[in-house]
Amino acid sequence: MKASTAANKPLLQVEELSVSFETSMGRVKAAENICFDLHENETLALVGETGCGKSVVASTILQLLPNNASVRGRAIFAGRDLLALSEREMARLRGNEIAIVYQNPSLALNPIIRVGQQVAEPLQVHRSVSRSRSLCLAKDMMSRLGLGENGVARMYPFQLSGGMNQRVMIAASMILSPKVIIADEPSKGLDNALAGEVMAEMMKIKNRTGSSLLLITHDLLLARAISDRVAVMYCGEIVEMGVVSEILSEPLHPYTAALLKCLPEKGFQPIPGSPPSMIDPPDGCRFRPRCQRRQEGCRKRPGMVEAGNTGVGMGREVRCWLY
Amino acid sequence: MLALLRAEDVGKTYESGMVFKRRHQVLQSISLEIEEGRTLGLMGVSGSGKTTLGKILAGLERPSSGRVYFAGEDISRLRGSEFSSFRRQVQMVFQDAEGSLNPRKSIERSIHEVLGLLKIPSREWRDRTQGILEMVGLSDELLCRYPWQISGGQNQRVALGRVLLLNPRVLILDEPTSALDISVQAQILGLLKDLQKKKGLAYLLISHQAEVIRFMADEMIALDGGRIATAEIIDGL
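Sequence order for the protein chains is A and B. One point on numbering: in my numbering, the residue at position 14 of the first sequence is 14, and numbering is uninterrupted. One point on numbering: in my numbering, the residue at position 227 of the second sequence is 227, and numbering is uninterrupted.
Chain A with its partners taken away, still in its complex shape (with noise of 0.2 Å):
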């Protein structure tokens, strides 16, 4: 299912994004200095528990935070800076050549548009292919993703079950074939034999496309099976990243580790504590007050540094005092 690791140049640059919130409980830092590169043909896992800012991270990238969001940094894509891009250069770019999958198909589908329609709807919009063709080409993209029993793409987004939606919403994203998918929460809502039909699929047509994919994901199985590598997030900040195999074999941030120790295989240990608040994290590192190898120094921020020392392969970066 894998895409051989790219050593290729990156066609996504993010560099020191930090994002915040004013609200009224006051200013919440969501995400901070997120550094990453997706290259062509990769797929890049962001995992992280709920409301550690992966998501923020995407819906930054392509220009879809409210109001109250401040955003420092830069996200370079062909050249370009999309962060400085108008809403009118964005529009041309959304879905064309970075598109989106969301985690709720309830909400991210028009419930008064039939399924088929709007799957074929960028074609129309993008590339002016004509109603019928595009739809036709609609369908065959259906059909791909288990979707082409008679009448399906006649139907509306209150017809079809929780994963249907999630699979009309994967066929409308990955229609035009665009060069970066960023897939949040793909797999939610379906149930463990349907999710590995559909990321199998979706990876056979990304694949065959040549897309890159920005993963986010809570589920470190679902990053195993299909990415090449893995930024762990925690608490607004990338802890740790490098090649999937290794970081999942061998953890270098004591984070990483205990997200590790919850997987079924290892017994479901529960980390101790709870997430720290993004309005008043903790000084230092962000994990210190969770973290059982805590030690004076940790009252200090680290930075992210090249694990170079540890004896772990190359591109190997951790933000923890113990490296």
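Calculated directly from the structure, the hints in this document are not laboratory data. The C-beta atom is built at its ideal place from N, Cα and C for all residues, glycine as well. This list has only true hints and no planted wrong ones.
Derived lysine-lysine pairs resembling DSS-like cross-links, with alpha carbons at most 30 Å apart: (1) K193/B - K188/A; (2) K266/A - K193/B; (3) K105/B - K55/B; (4) K266/A - K197/B.
Example chain B residues on the side facing chain A (calculated, C-beta under 8 Å, incomplete): (5) V45; (6) S46; (7) S183; (8) L189; (9) H208.
Distance ranges between label pairs, derived from CB positions: (10) Q292/A - K105/B: 35 to 43 Å; (11) R214/B - C35/A: 38 to 46 Å; (12) Y14/B - N150/A: 18 to 26 Å; (13) M90/A - Y14/B: 40 to 48 Å; (14) Q295/A - R214/B: 33 to 41 Å; (15) K55/B - F158/A: 20 to 28 Å; (16) K105/B - D280/A: 21 to 29 Å; (17) F158/A - H24/B: 17 to 25 Å; (18) G196/A - Y14/B: 24 to 32 Å; (19) T23/A - H24/B: 43 to 51 Å.
With chain A's structure known, arrange chain B on it following the hints.
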């Protein structure tokens, strides 16, 4: 061991259509037993009838055929205070904890609502609330917050706490952790195990996750198209 809750040949059929009635059989000939202090896992893919069976066992829906017995009594014959007592002792915990709490009530009011229904004198509410928060591992800082202001795991703990105030003997847990992150899932599963050990609760754990069932359950059954599945289907799941 005493079977606290027992289903005997339970079936459920729904009808649809105004003129041309169509019948959908969602459960057929289901028999099972849930014993005190033990966990029965119930697996199956989406749409196999797991939640419908859970609702029938909790007395929230009537079976179209068959019987459900609680502590040896046929629940269809229970009336008035006897039925209320059964409903108190067999409680259901849902997947969407936030959705099962009233969004207009603070956590404190949601807990107090249960204490009021139990006719507990209001002078005892503070201590009882404190006790239940400790039991489910929540801080009293959350009391003034609303369900949408706290995390999914915290909402699930509040939902569990409200249920535990009723001193139930059987909990029907319908995908209690499938909407939660793995770290929170691990915390809730640990909490459920602790509570079972302390209070001798019987659980029917409904889940589509084989690992969760394997971790929690003493025995398991699986549903396939509304029937108890064969061993081969279970292997596939």
